[in-house]
Amino acid sequence: MKESDIRRALRRIVHEIIEANKGIRNLALVGIKRRGDFIAQRIADIIKKTEGKKIPIGALDITLYRDDLQLVSEAPIIEGTEINFDINNKIIVLVDDVLYTGRTIRAAIEEILDFGRPKKIQLAVLIDRGHRELPIQADFAGRKVPTSKKEIVDVFIKETDGADSVVIHSYRKKQKDTKSGQGKTPRKTKVKQLFITGEKNNA
Amino acid sequence: MPEKNLLGIEPLGAEDLNRYLDQADNFLGVLERPIPIVPALRGKTIITLFFEPSTRTQISFSIAAKRLSADVVNFSRATSSVVKGETLLDTAKNIEAMKIDGVIIRHSVPGAAKILADHLDAFVINAGDGGHEHPTQALLDLMTIRQHFGRIKGLKVLIVGDIAHSRVARSNIFGLKTLGAEVGICGPPTLIPREIEKLGVQVFCSLDEVIKEFDVIMALRIQLERQKSGLFPSIREYRNFYGLTRERIKKIKPHGVIMHPGPTNRGIEIDPEVADGNKSLILRQVKNGVALRMAVLFIHAGGKIE
Amino acid sequence: MNRILIKGGRVIDPGTNRDGRFDILITENKITQIDKKITPKGAKVIDARGLIITPGFIDLHCHLRDPGRPDKETVESGSRAGIAGGFTTLCCMPNTEPVIDNEGIVNYIIKEASRVGLCRVLPIAAITKKRQGKEITEFGELIKAGAKGFSDDGDTVANANVLRHALEYSKIFNVPIFEHPIDNNLAQDGVMNEGFSSTRLGLKGAPTIAEDVIVARDLLLAKFTGARLHLCHISSKGAVELIKKAKQEGVHITCETCPHYFYFNDEVLETFDTNYKVNPPLRSEEDRKAIIEGLRDGTIDCIATDHAPHTRAEKELEFTRAPSGMIGLETALSLCIMELINHHQFSWLELIKKLTLNPARILNEKLGVLQPGLPADIAMIDPEKRWRYTENRIQSRSKNSPLLNRELKGKVVGLIVKGDIKYLPGNKDV
Chain E
4 MKESDIRRAL
14 RRIVHEIIEA
24 NKGIRNLALV
34 GIKRRGDFIA
44 QRIADIIKKT
54 EGKKIPIGAL
64 DITLYRDDLQ
74 LVSEAPIIEG
84 TEINFDINNK
94 IIVLVDDVLY
104 TGRTIRAAIE
114 EILDFGRPKK
124 IQLAVLIDRG
134 HRELPIQADF
144 AGRKVPTSKK
154 EIVDVFIKET
164 DGADSVVIHS
174 YRKKQKDTKS
184 GQGKTPRKTK
194 VKQLFITGEK
204 NNA
Chain W
1103 MPEKNLLGIE
1113 PLGAEDLNRY
1123 LDQADNFLGV
1133 LERPIPIVPA
1143 LRGKTIITLF
1153 FEPSTRTQIS
1163 FSIAAKRLSA
1173 DVVNFSRATS
1183 SVVKGETLLD
1193 TAKNIEAMKI
1203 DGVIIRHSVP
1213 GAAKILADHL
1223 DAFVINAGDG
1233 GHEHPTQALL
1243 DLMTIRQHFG
1253 RIKGLKVLIV
1263 GDIAHSRVAR
1273 SNIFGLKTLG
1283 AEVGICGPPT
1293 LIPREIEKLG
1303 VQVFCSLDEV
1313 IKEFDVIMAL
1323 RIQLERQKSG
1333 LFPSIREYRN
1343 FYGLTRERIK
1353 KIKPHGVIMH
1363 PGPTNRGIEI
1373 DPEVADGNKS
1383 LILRQVKNGV
1393 ALRMAVLFIH
1403 AGGKIE
Chain X
1192 MNRILIKGGR
1202 VIDPGTNRDG
1212 RFDILITENK
1222 ITQIDKKITP
1232 KGAKVIDARG
1242 LIITPGFIDL
1252 HCHLRDPGRP
1262 DKETVESGSR
1272 AGIAGGFTTL
1282 CCMPNTEPVI
1292 DNEGIVNYII
1302 KEASRVGLCR
1312 VLPIAAITKK
1322 RQGKEITEFG
1332 ELIKAGAKGF
1342 SDDGDTVANA
1352 NVLRHALEYS
1362 KIFNVPIFEH
1372 PIDNNLAQDG
1382 VMNEGFSSTR
1392 LGLKGAPTIA
1402 EDVIVARDLL
1412 LAKFTGARLH
1422 LCHISSKGAV
1432 ELIKKAKQEG
1442 VHITCETCPH
1452 YFYFNDEVLE
1462 TFDTNYKVNP
1472 PLRSEEDRKA
1482 IIEGLRDGTI
1492 DCIATDHAPH
1502 TRAEKELEFT
1512 RAPSGMIGLE
1522 TALSLCIMEL
1532 INHHQFSWLE
1542 LIKKLTLNPA
1552 RILNEKLGVL
1562 QPGLPADIAM
1572 IDPEKRWRYT
1582 ENRIQSRSKN
1592 SPLLNRELKG
1602 KVVGLIVKGD
1612 IKYLPGNKDV
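Protein chains in written order, with my numbering: chain E, 4 to 206; chain W, 1103 to 1408; chain X, 1192 to 1621.
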């Protein structure tokens, strides 16, 4: 998936969000760190362009809500959650880069609910790669990509990675969901060694 | 990879210290939330073992643990009432048998936390061992200073009072020096431990002469029993020479601040007007204490120790 | 007739100033001949090639906890520890329960030692009744029963007048008074040396001046009374300097230090291991070096162990609550070899003198010398042997040693007490 594909996918997501909620009244975006927050910002920018109005936007660091904290070898550095608006009675659109097992979204929903009682929570993702472990579905997906569990989906975005692209790698060793591996940035070199890089045609 | 235990500041490097401070800054945000509780340590059991009374520190740790959804068991008993023959080691073995994940210990004897750490699989956080170290107090002091000034390096910090018996002074000296502050200590020579200059601190006897030179004035609690053992002649004289009185603090730098690890002996080492005044960071220290202790618990309990 | 020939060893005997290859013949309980080459003629031959042969060691200062604390040590277990370390004579201190302050207890110890029959045990009796520092004990009766000196060890005789009288009274019998020189007011409840390490660790310090002040006082009293004063476990630089000066002025004074004061400094306390808690405390590196120099220049006459057994339960207490003392009989020689011979190039004659001849002279005993006609108390040392001081190996009933499980160098591998072979080279227990 190239830069232009991502741009188109986000435009379509915005369209669907506005369509589904009949406008942007009461709408707020919450991105899941890292990358989900930047994607949420882009969605907000597109909304501003098309609707001419800013909507509230926040960011979640779900580290403290993860269900696999006991499995990682070292307590991760938390980055802080920023939700500086009242979420009560809002329609919250959670935004993330990749939807995979659903565990990250579960944690995000739990965290959101600790901030108040939104009217609705919806989910927007750039890539839905399947293999859910919890009954969670995306309301808005940029693209559905059938993958094998042995593959890994890497989303690169300008804000953190310098360029926009989505790449699917196949890899030999068993590796956890990238989200529960706490972002790609700190472990990038380590992760890369584990993969044979090679773009798939359908990506 | 941090050590399993947090026993003291002395062995920690700048990177370790900053890791605690950065994490603590993030936890401050959690405390501001409508529901200031996160599930990070759900299922973990932490015991606070206080063999020396310290309601504040114990409460601060308990709150921190609860904010992280850990189960907390509080135990406190003055050392003097610990039955003869019952050793800290017995206690450790009992804790081990109960499968507790972490122990926070306060004890009047230096090295007590280390005894537990040497014998337990659970992580151990030293909440004060005699006159040795009180690492979380120093970390929260460092956090407060950094928050206020935006840095620690290059600041001049003066610690005033009973340095000889103070674990707070020791831990702060270690941490401040590691992070590049200049540290002075000030008190009557009877309360200054021998050869402390070797820790890289300057020693002063006259508070009035030097108070104007420092950015941070940290007063220590004076234990009233020190007077009885003849280390200074009277409370009145102590206050006259080393108390942070209203008059004396007029001399500090315009941007200078006052800190105190608490609980304060109001009217002795610090005047109430000073403790509650606009130069005082004391309540900020208390608030930061919870966030800092959350960070410490999260770092030590959050990950599986390999 | 029971005859033993120790053949081919390097004999080091400060009493005869001998250092060379000699054979030693023992007949019954005495040495009968020392020569370059002695033919066996039916004697049992011990091949001592590669070994160092010295008089058996004499410990002026150990605690056998007998009577009173058989859970810590007894005359029997202490004797076992002693012979394992090469000691043929042990002077046991009187801070027992009850205190060795009457003939009955002196008799008990002597009988017990002869029943055990492992090494000589010479009781040191208390200077004052119940070691309370008030009234002096019946020196005459105690000496008749077998006491070899007097000490309130564990406590200084705080009242200078009481010590003055004890020193004066001791002149009747020409016996040494062993002083434990620490001012308790200055030491207060210090649990380690006061200095940079105590400042770092927050443990209450006992300053070196607590020792120096009493040493200075005692030197003046020794000079004033002309009695035989022996200062126990010297650990500070200040004390070494004071004693050196007094000796130069001709004051009749002797003193001892212990292996831990020249082997460890107070930095080891950062482990908070209670086995390092001793009284006087382990001192600074500067003091440690001064002790070594004091040994070298003869200011310090003897090396005693201050072997102080304590139970595991007591040593498992928190640092301030645990009692002071470490066991030392079995490790003393190794520490002397590793530190003084290997690291500081002491000569063997110098070292052995402080373990044999000098303590014998202080006790006024015809011991500590290898000479025909004298008792056959002989140690055989393998100076290169590496061994590990494990709990199984400890002969003492207590295990409070910071050297536990450490590899040590140099060991006594054969020992003869009063002509009796206690063990020999090649014995796997050694």
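It should be emphasised that the hints constitute simulated quantities derived from the structure, not laboratory data. Among the hints, erroneous ones may be present.
No more than 27 Å apart at the CA atoms, straight line, and that leaves these computed lysine-lysine pairs for DSS-like [unchecked claim]:
1) K1590(X) - K1235(X)
2) K1590(X) - K1195(W)
3) K1576(X) - K1480(X)
4) K1300(W) - K1576(X)
Bear in mind that the values here come from a model prediction, so they are computed numbers and not experimental data.
Agreement of K1576(X) and K1480(X) with the hint, judged by alpha carbon distance not exceeding 27 Å: Measuring from Cα to Cα gives roughly 26 Å; hence the hint holds.
Restraint status (C-alpha distance of K1300(W) to K1576(X) at most 27 Å): 40 Å, violated
Given hint K1195(W) paired with K1590(X) - CA-CA distance at most 27 Å: 21 Å, holds
K1590(X) paired with K1235(X) [C-alpha distance capped at 27 Å]: 36 Å, violated
Consistency with the previously given hints fails for numbers 1, 4, ordered from lowest to highest.
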